[in-house]
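*Asks:* Using the sequences plus the hints, can you model the full thing?
Listed below are the residues making up each chain.
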Amino acid sequence: MKHLAILAALLAPVPALADIDPSNWDAVTAEAQGQTVFWNAWGGSTTTNDFIAWVGERVMEEYGVTLEHVKLTDTADAVTRVLSEKQAGEDDDGAIDMIWINGANFASMKEADLLFGPYAEQLPNWALVDVEGKTVQTDFTVPTEGYESPWAMAQVVFVHDTADMPERLGSMQALLEWTQANPGRFSYPQPPDFLGTTFLKQVLVDILPDPSVLAVPATDENYADITAPLWAYMDELTPNLWREGKAYPPTGTAMFPLIADGELDLSISFSPGAASTAIANNELPPSVRTFVLDKGTIGNASFVAVPYNSGSKAGAMVVANFLMSPEAQARAQDPAILGYGTVLNMDALSDDDRALFDALELGVATLTPAELGTVQDEPHPSWATRIADDWVTRYGVSQ
Amino acid sequence: MNRRRFLPVLPILTLLAMLGPVAAGLWGTVLPAFGHLPAAGLAGPSLDPFRDLFNWPGLPRAVMLSLSTGVLATGISLAIVVLVTAGWSGTRPFRALERLLSPLLSVPHAAAAFGLAFLIAPSGWLSRLVSPGLTGWARPPDILIVQDSWGLTMTAGLIIKEVPFLLLITLAALGQADAQRSTTIAQALGYGRVTGWLKTVFPRVYAQIRPPVYVVLAYSMSVVDVAVILGPNTPPPLSVQIVKWMSDPDLAMRLEAAAGALLQLGLVVGALLLWRIGEVVVASLGRRWIAKGSRGRFDAVVAQTALVAGGFSAVIVLLGLVVLTIWSFAGFWGFPDAFPDGWTLRNWMRFGPGTLEALGETALIAGTVALVALILTIGCLEAEYRYGLSFSQRAVWLLYLPLLIPQTAFLPGLQTLMLNMGADVGRLPVMLAHLVFVLPYVFLSLADPFRAWDTRMGTIAAALRASPDGVLWRVRLPMLLRPILTALAVGLAVSVGQYLPTLLIGGGRVATLTTEAVALASGGDRRAIAVYGLMQTGAALVPFALALLLPALVWRNRRGLRHG
Amino acid sequence: MDKGLALRDVTITKGGVPLLSVSHAIAPGEVLTVMGPSGVGKSTLLAFITGTLAGDFLATGEVWLDGQNITHAAPHQRRVGILFQDDLLFPHLSVGANLAFGLQPGGSAEARKAKVDEALEEVGLSGFAARDPATLSGGQKARVALMRMLLSEPCGLLLDEPFSRLDAELRAQVREMVFDRARARALPVLMVTHDAEDAQAAGGVIVTLGD
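Chains as they are written, first to last, in the numbering used here: chain A, 1 to 399; chain B, 1 to 564; chain C, 1 to 211.
Read the hints as simulated data drawn from the structure, not as lab findings. Being a predicted model, the structure only gives us computed values, none of them experimental. Some hints could be false.
[Stated by the list, open to error] DSS-like cross-link-like pairs, simulated, lysine-lysine; straight-line CA separation at most 27 Å:
1. 134(A) - 110(A)
2. 134(A) - 295(A)
3. 86(A) - 244(B)
4. 110(A) - 86(A)
5. 244(B) - 246(A)
6. 110(A) - 244(B)
*Replies:* Encoded structure:
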């Protein structure tokens with residue numbers, strides 16, 4: 001029993017240190033030195049994993065921060081983890097120091113007070129971020145308020161293999177008609193997968209006469225009416241999906257091999273440059289191109305957030321700041337590496353930094369910013385949750 | 001002196017290591033299942049979690065899938081193994097099959113499942129090999145094979161892994177069943193080979209392999225990694241859905257997950273009871289069949305079919321490993337080419353470093369756990385030998401308990417409980433969780449050879465004035481080197497293959513080859529999956545090769561130990 | 001009487017059923033033969049004397065060896081040697097190492113090796129030290145097993161059907177060798193057998209159990 005008491009004393013949490021002030025950057029970098037940051041980020045994409053590994057090398061060189069990539073299958077795992085830690089009273093050194101996050105996961109963590117901040121707008125590189133032109137201060141219409149910092153822009157593009165499907169499609173109605181003529185050659189990731197849910201939202205945004213009704217939270221009153229056309233559309237679409245809608249690819253990247261094999265002619269991606277990157281990696285045939293709809297497509301930013309109980313907040317902020325640096329942003333935009341859109345404002349950059357971006361070959365399948373057209377707003381996150389749940393009930397459990 | 005006190009405690013310690021986490025985990029599941037999660041401000045008891053569970057529209061199908069895949073996989077693998085043994089044991093084809101299947105036992109479930117998927121998908125290797133020549137397919141046909149709604153592919157994936165397991169278990173039981181003489185007598189009485197074996201040997205063999213058969217049933221009903229890779233997803237089997245609920249950001253889902261976990265437990269218990277009733281029915285039908293005296297007209301056909309099925313299941317796993325190897329070296333490989341356009345080391349260069357890191361973690365965990373399990377096991381068996389502290393026949397079932405209770409039923413609860421206790425996630429708790437599953441296998445693997453050791457050797461050594469410890473270290477352990485290394489290899493393979501305990505108890509911080517490989521499954525990058533799958537297979541297989549090789553090397557001049 | 005092996009009122013029961021009762025003293029160099037059909041508990045008696053009686057048996061009485069009560073001594077401290085019908089050479093050790101196993105600790109490596117060689121020579125097996133025991137003939141194995149036991153310097157010798165595995169010709173030869181060596185070292189010998197010829201050859205008192 002005596003041993004147990006000593007053990008318990010040893011294991012007892014050290015008194016909480018006062019949280020570091022993000023605006024005192026020198027103090028932040030000083031404290032970050034030697035810290036280990038556990039970045040929980042989806043690990044299904046090897047290109048992203050490679051990029052994160054590179055970030056780890058760079059922050060080690062620059063700031064002496066050790067970055068560990070905790071590869072998730074689902075970002076929600078990380079949210080759960082922080083929640084459980086809070087319940088267990090682990091308030092000082094949780095397992096997670098940083099999360100790749102957005103949308104509903106951010107909304108629920110912010111609401112539950114599970115995030116550290118505000119910090120994002122105090123980071124030095126925030127000055128370079130394109131606050132005007134890109135949706136970096138709202139996340140699915142939820143104000144970020146500095147509780148997460150952006151590191152990549154995403155926009156829905158449709159990926160098609162021109163060898164089998166030469167034409168681009170201008171609208172969701174056109175897509176429906178095309179699947180009727182070409183059954184079994186289109187699919188989308190299974191909701192509640194992020195990209196799959198995005199596809200549903202994209203359908204809704206495109207077929208609604210006035211998508212602005214989606215900017216207000218979904219309620220029991222407005223939900224059924226507004227989404228009725230979506231389900232009518234899906235009922236028509238589903239029988240002509242790949243595998244007749246009895247199985248779905250689990251994620252967006254899982255659709256690339258299906259296109260490469262010729263199982264699919266058409267799929268969607270949330271990363272305008274991903275197709276070019278995949279072509280470079282032998283994962284897609286060179287005949288693949290991308291397109292957006294006439295009315296434009298949904299876009300949003302990817303963020304990182306720091307849990308309230310991270311033991312390495314300074315280190316996490318250093319990583320978050322590095323992610324917004326021209327060096328990291330240019331690398332992320334390189335289609336041979338990641339092909340993610342940048343969050344930076346080109347006009348705010350120095351000539352040298354801008355040259356980094358100008359030098360990039362965007363790749364054969366990547367649309368120019370002009371071609372990407374209008375970015376449509378994400379609906380309020382409450383829509384995504386309800387739509388995904390509804391989809392699961394309608395198509396996800398009954399095949 | 002210390003040691004003498006220590007040894008008798010080992011059996012208790014072992015039982016505690018095995019059953020403690022299970023009991024704690026179940027307790028941690030029961031509370032939230034009845035609405036009690038004080039940390040989240042929820043106080044029970046309430047039946048809401050169960051109401052939510054039963055309102056989930058996917059439940060009937062998920063439950064059906066859990067039952068059908070489990071029962072089918074167990075029934076079919078058992079039938080194949082029993083009929084192959086009945087028709088062929090002692091023959092050359094049987095030995096060939098045995099040699100083919102034994103190494104496959106250690107191929108991790110996930111790797112075998114990936115191999116199967118890469119093989120039989122519409123764009124898989126089999127389809128590529130015969131397209132477009134035989135099929136006329138220039139593009140993969142739109143057929144639902146992998147992840148089919150009935151879970152048949154998943155069932156097949158389980159069968160190819162359970163056949164080697166049950167075959168080896170059956171072989172071990174055969175030795176004690178006096179099979180050879182019984183079959184000879186039955187055949188002399190005019191019975192066909194299969195019929196004679198079924199009527200005379202099977203009842204005795206089955207009595208011995210019953211616990212492992214139950215393990216297969218419980219495992220197949222609640223498996224997660226194979227189900228994620230090969231199983232349907234609209235809806236998934238119950239176990240997969242439980243893990244999904246566990247990871248939902250909405251806390252209420254945890255309650256539903258706990259309720260689901262209890263339902264899963266109930267399903268497994270129910271299925272085991274049904275199986276038991278089935279045994280009684282089969283036994284009574286069998287007695288009637290025996291009394292009728294039929295000699296077996298279709299024996300030849302049955303035996304042939306079973307051999308083909310057994311061989312087929314082995315070949316599938318092997319081909320799966322081959323196709324993983326091809327993918328791991330593949331450049332661009334479009335359909336319907338039988339082979340990639342080019343071969344490249346790039347995939348290995350790219351994923352190699354990552355796999356090595358995961359291999360290090362895997363080896364550290366598996367090595368420690370297997371070693372601890374081995375020490376506990378030897379301690380228990382030695383205590384049994386010295387002090388007669390043996391598990392009674394009933395207590396032997398305790399060994400099987402951790403393997404009979406579905407992982408999805410107690411691991412989530414264990415995770416919550418460990419957090420509540422302030423035990424940090426990470427390597428050590430993962431090791432303890434692995435120990436729960438590794439211990440029974442190591443014990444079961446070593447117990448028979450350990451007990452079969454001629455105790456007169458011990459008497460002789462004691463008469464030569466060797467102390468009990470001296471007998472153990474200088475005589476018994478060296479003589480049992482091969483079974484000990486085999487048990488160690490079994491422990492390593494079991495630990496390497498663990499998915500759910502690593503994922504849940506490791507809190508994502510512990511990345512082994514298995515968790516990395518299954519995480520990659522959702523990304524669909526076949527080259528990465530192939531590299532990780534092969535590394536995972538290697539991590540499990542190499543120890544077995546060493547377990548065979550090492551004693552052969554050490555005892556190369558000792559003929560008396562070559563077949564022991 | 002001090003020297004020798006004495007069984008004092010030894011009774012062994014199993015589950016309350018008496019199995020056997022023996023009370024007998026064996027003088028140094030003498031042989032007591034215990035006979036009886038198989039299953040009568042002959043080997044159980046030996047297990048009692050070596051201290052390896054299985055838990056389901058109950059024994060009363062005492063075993064005295066050279067004036068010491070060894071009834072409750074640990075098996076390895078009783079100094080009672082035993083030979084079974086199988087040679088039971090340790091298969092993982094060479095012939096020489098098997099013999100050295102019996103040798104008491106102490107002495108230089110050379111001295112120990114010399115003792116082993118000497119023992120081998122005594123039974124006509126010079127140069128066999130490095131051999132794998134599994135490559136020996138039945139008679140050779142029996143001789144090694146005997147010498148191994150004698151090297152441990154026991155104060156008494158138990159024989160459990162020691163010759164029943166040997167063919168007729170070897171049997172007489174090995175039997176003679178064993179009894180000769182036992183007599184030469186003045187060991188009290190207790191032999192159990194169901195073979196009348198063995199009993200005859202032992203030339204000592206014969207007790208028959210199970211009548």
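*Asks:* Run every hint past the structure and note whether it holds.
*Replies:* Now for the hints, and whether the structure bears them out:
{"no.": "1", "hint": "134(A) - 110(A)", "in the structure": "21 Å, holds"}
{"no.": "2", "hint": "134(A) - 295(A)", "in the structure": "18 Å, holds"}
{"no.": "3", "hint": "86(A) - 244(B)", "in the structure": "20 Å, holds"}
{"no.": "4", "hint": "110(A) - 86(A)", "in the structure": "14 Å, holds"}
{"no.": "5", "hint": "244(B) - 246(A)", "in the structure": "19 Å, holds"}
{"no.": "6", "hint": "110(A) - 244(B)", "in the structure": "22 Å, holds"}
Comparing the model with each earlier hint shows no violations; every hint is respected.
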